[in-house]
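Engineer: Using the sequences and the hints, build the whole thing.
2 protein chains.
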Amino acid sequence: MKRLVLLFAAAATVVANAQQNIGFRATDITSPVVNDDHTVTFLISAPKAKEVTVRGDWEADGGIGKCRKVDGVWQYTTPPLPSEMYTYRVNIDGVMMTDPTNPFTCRDVGSVFSLFYVDGGAGDYYQVHKVPHGTVATTWYHSNTTNADRRLTVYTPPCYEQNPGRYPVLYLLHGSGGDENAWTELGRIARSIDNLIAEGKAEPMIIVMPNGVCTTEGAAGETSDNLSFRPTMTNNIPGAYKNGIFELAFPEIVNFIDARYKTIPQKEKRAIAGLSMGGMHTLAISANYPDMFDYVGLFSAGVDFSMVDMDQPAYANLDEKWRIQAQKEPALYWIACGTDDFLYNNNKEILRHLDEAGMKYVWHESTRGHLWSNWRQYFLIFAPQLFK
Amino acid sequence: MKRLVLLFAAAATVVANAQQNIGFRATDITSPVVNDDHTVTFLISAPKAKEVTVRGDWEADGGIGKCRKVDGVWQYTTPPLPSEMYTYRVNIDGVMMTDPTNPFTCRDVGSVFSLFYVDGGAGDYYQVHKVPHGTVATTWYHSNTTNADRRLTVYTPPCYEQNPGRYPVLYLLHGSGGDENAWTELGRIARSIDNLIAEGKAEPMIIVMPNGVCTTEGAAGETSDNLSFRPTMTNNIPGAYKNGIFELAFPEIVNFIDARYKTIPQKEKRAIAGLSMGGMHTLAISANYPDMFDYVGLFSAGVDFSMVDMDQPAYANLDEKWRIQAQKEPALYWIACGTDDFLYNNNKEILRHLDEAGMKYVWHESTRGHLWSNWRQYFLIFAPQLFK
Chain R
1 MKRLVLLFAA
11 AATVVANAQQ
21 NIGFRATDIT
31 SPVVNDDHTV
41 TFLISAPKAK
51 EVTVRGDWEA
61 DGGIGKCRKV
71 DGVWQYTTPP
81 LPSEMYTYRV
91 NIDGVMMTDP
101 TNPFTCRDVG
111 SVFSLFYVDG
121 GAGDYYQVHK
131 VPHGTVATTW
141 YHSNTTNADR
151 RLTVYTPPCY
161 EQNPGRYPVL
171 YLLHGSGGDE
181 NAWTELGRIA
191 RSIDNLIAEG
201 KAEPMIIVMP
211 NGVCTTEGAA
221 GETSDNLSFR
231 PTMTNNIPGA
241 YKNGIFELAF
251 PEIVNFIDAR
261 YKTIPQKEKR
271 AIAGLSMGGM
281 HTLAISANYP
291 DMFDYVGLFS
301 AGVDFSMVDM
311 DQPAYANLDE
321 KWRIQAQKEP
331 ALYWIACGTD
341 DFLYNNNKEI
351 LRHLDEAGMK
361 YVWHESTRGH
371 LWSNWRQYFL
381 IFAPQLFK
Chain E
389 MKRLVLLFAA
399 AATVVANAQQ
409 NIGFRATDIT
419 SPVVNDDHTV
429 TFLISAPKAK
439 EVTVRGDWEA
449 DGGIGKCRKV
459 DGVWQYTTPP
469 LPSEMYTYRV
479 NIDGVMMTDP
489 TNPFTCRDVG
499 SVFSLFYVDG
509 GAGDYYQVHK
519 VPHGTVATTW
529 YHSNTTNADR
539 RLTVYTPPCY
549 EQNPGRYPVL
559 YLLHGSGGDE
569 NAWTELGRIA
579 RSIDNLIAEG
589 KAEPMIIVMP
599 NGVCTTEGAA
609 GETSDNLSFR
619 PTMTNNIPGA
629 YKNGIFELAF
639 PEIVNFIDAR
649 YKTIPQKEKR
659 AIAGLSMGGM
669 HTLAISANYP
679 DMFDYVGLFS
689 AGVDFSMVDM
699 DQPAYANLDE
709 KWRIQAQKEP
719 ALYWIACGTD
729 DFLYNNNKEI
739 LRHLDEAGMK
749 YVWHESTRGH
759 LWSNWRQYFL
769 IFAPQLFK
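So the protein lines, in turn, are chains R and E. Letter by letter, the first sequence follows residues 1 to 388 in this note's numbering. Letter by letter, the second sequence follows residues 389 to 776 in this note's numbering.
Hints are computed from structural coordinates only; laboratory data are not their basis. We put the CB at the ideal spot given by N, CA and C, even for glycine. Incorrect hints may have been included.
Said to hold, decoys possible - Covered by chain E, per the in silico footprint, the following chain R stretches (three or more residues, Cβ under 8 Å):
1) 47-55
2) 84-96
3) 110-122
4) 136-150
Structural biologist: Right, here's the structure in full:
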């Protein structure tokens, strides 16, 4: 560790001229407003702007809304939106920004977005209700493979501490550009599982969300690289993408979790799932360690083999590994993809490989594309099928 | 709990036109750049803007920097800044926003700010180094007083799980407008204590950060009010401010922590400290429960008695309570305030009360005002004095 020296003496020589308040919310505008008919109205105060546009991850109007100035405030109202969580940014004269008066944001890869929910369906699951709540912890495990302490997020269910019993474990993997915060921040996973457990739809389970970028210790800003590592798509990071190192090292994580937490350390009580790049990780991990997981979930899996070094141990002889995995008859091999996903055809190709290997799987085809709304909804369908 | 209904069928009827990418970072600009001489350069791309200003919580130039357009990019460079963490926003033609290309943000009360560090002193402590790391968990306790599950943040030190031993506990309270995330997000407390422990300067300790706004379950966006509760200064919330309910109910939290965690449940191994409103809470809690805490820290304490109902049980007869507390001789009663703080004179008045009560205390007078830089630095001075 670099030697740290406190320099309070130096600070004391600075002439005091404190900015005791660098500007909290300076307007009475509340934006967005989710209306009773599930339309959503954005209100942006930008008196000198020539053009204001809202751009979000909904489908209506193509996710683009041109604002009109009404009583001096730029406004746009969407058509009615399906119940979901939505993220968006505002474009004011060519500058993309979060909604200036919305305090609720999340980071997706390198950009910060504003967010809101529409009630009445899936979106209800992503919100907090008066039900027993689990605990979300960020902690660190040591990886001998990468010779580093690495950060991961762990959800433990309500009553985990009081109950003397042991729990099944779901390992849940993020996509390219994501990190160990992605499933809690963008996936709203603690809320979904709290609510599914409270309704009796899902078994109480531990959910482990590791970091799948083996060149880093964890999320951008949370490692010893601090702010010098800026978040980017994982395929832009040399040595980080689909070389099979993370996949082959995965037992390190399982061993750490089994040692630290009250798990049931058996195949029948372990599941693994992942989105996009994490779907590819899931595919390879479960094929290479066929006695480790009884439940497998691929969410819009990034199964583009042209981008993978198929000579690497994790990816070599996959057809043969699938034959062995198929003979062990996993309790669930669940594959979900949207019809608009740019990986749709790649996923269909995987089905042909699995068919040849004699693997029994469930194919779930949804609408829409490579989107967090799909991944959140896949989880709501996948989690209730686990550990029954 | 409201009955939740999945409406996947309804979603399937929407014509698919997925926004598979709603716009990640679209520029090669990196802002800010912390230069070797500790000046900081901001680069803002706003081609159509008439005026661009940076506003931050540093003292140089009054924290305001007017940008000039250089090669089509708005730029401003600060004078050299003392080592710290800094937050700022950008004003483009009257719209306040985060720096469009800086992915690192934090929320303070109702506004989202961009952030950066300057190395070489206190700022080093707020960053991650290659040292053993503790665990940060958000969990929930039940309050009989408010008849609600309430959210709190708990730091456990490195080796907490492996070590069979038990640990002292610091209770650390936020200010008005803050919540149970404030000390981890804005206070960078997990990094500071990891680094202090690694240097042998502080004892390994548990740090508990509850929510001091007794009308809520927790931080805005994290409760069953979801996004309908927007963050605001606590004194704007009816029934939430300095009525003594949180203070009198405090043993609920201590009992929960002693039951859940491997604590040393003795006065000699308990500390309490808080900033601003949390300093007032600390003052009242430690006076009302003089056998609970041996270490007390007031950081820029919000000790404006004109805003408190002195007839409430928590605030009644404080002078008499202080006399009793003084007789019990706390191991440390530490009071810190900046010379520019608008609460400076109120804190000096508290010293006179404590003098009359015969309380031995340590007065730490810093430069600057009612600022997170002071509170982060107070922690670096306070924590090493605990549990020795």
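Engineer: Next step is simple, just say for each hint if it's right about the structure.
Structural biologist: Against the structure, the hints come out as follows:
| no. | hint | result |
| --- | --- | --- |
| 1 | 47-55 | holds (count 5) |
| 2 | 84-96 | holds (count 9) |
| 3 | 110-122 | holds (count 9) |
| 4 | 136-150 | holds (count 6) |
The structure fails none of the hints (numbered hints given earlier).
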